[in-house]
Amino acid sequence: MRLLWGAALRTAISLCTGVGGLDFGLEAAGFSTAVALECDAVACSTILLNRKWPVIKDDARRSAVELLQAKRRIYPVTPKAKRRMTRLEARFPAGLSR
Numbered sequence: 029m030r031l032l033w034g035a036a037l038r039t040a041i042s043l044c045t046g047v048g049g050l051d052f053g054l055e056a057a058g059f060s061t062a063v064a065l066e067c068d069a070v071a072c073s074t075i076l077l078n079r080k081w082p083v084i085k086d087d088a089r090r091s092a093v094e095l096l097q098a099k100r101r102i103y104p105v106t107p108k109a110k111r112r113m114t115r116l117e118a119r120f121p122a123g124l125s126r
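With positions in the sequence shown counted from 1, the corresponding number in the working numbering is that position plus 28.
List of simulated lysine to aspartate or glutamate pairs, EDC-like, C-alpha gap at most 16 Å: (1) 80 x 55; (2) 80 x 51; (3) 85 x 68.
Because the hints were derived from the structure by calculation, they are not lab data. Computed from a predicted model, the values in this text were never measured in an experiment.
Put together the whole structure using the sequences plus the hints.
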């Protein structure tokens with residue numbers, strides 16, 4: 029993980045990237061694009077001109093990937109986070125179910 033102003037960047041894999049508009053926004057929000065998958069040659073060239081992301085030119089529907097798997101990182105819950113969750117559950121009792 030790289031650091032941005034002392035904070036760790038989160039990693040994203042971009043599918044059907046286009047020219048990377050959503051990825052630019054995610055980058056501004058603290059994410060780093062690890063790889064971009066795009067089927068359009070012009071869009072791939074545009075990405076390569078503007079960013080140093082690895083780009084795979086392939087159609088996500090026809091690629092050799094048979095399974096795309098991801099998991100959410102689980103962080104330990106601090107006492108402060110528990111208090112915050114308790115306050116949120118009191119305000120939105122049905123809205124925070126997992």
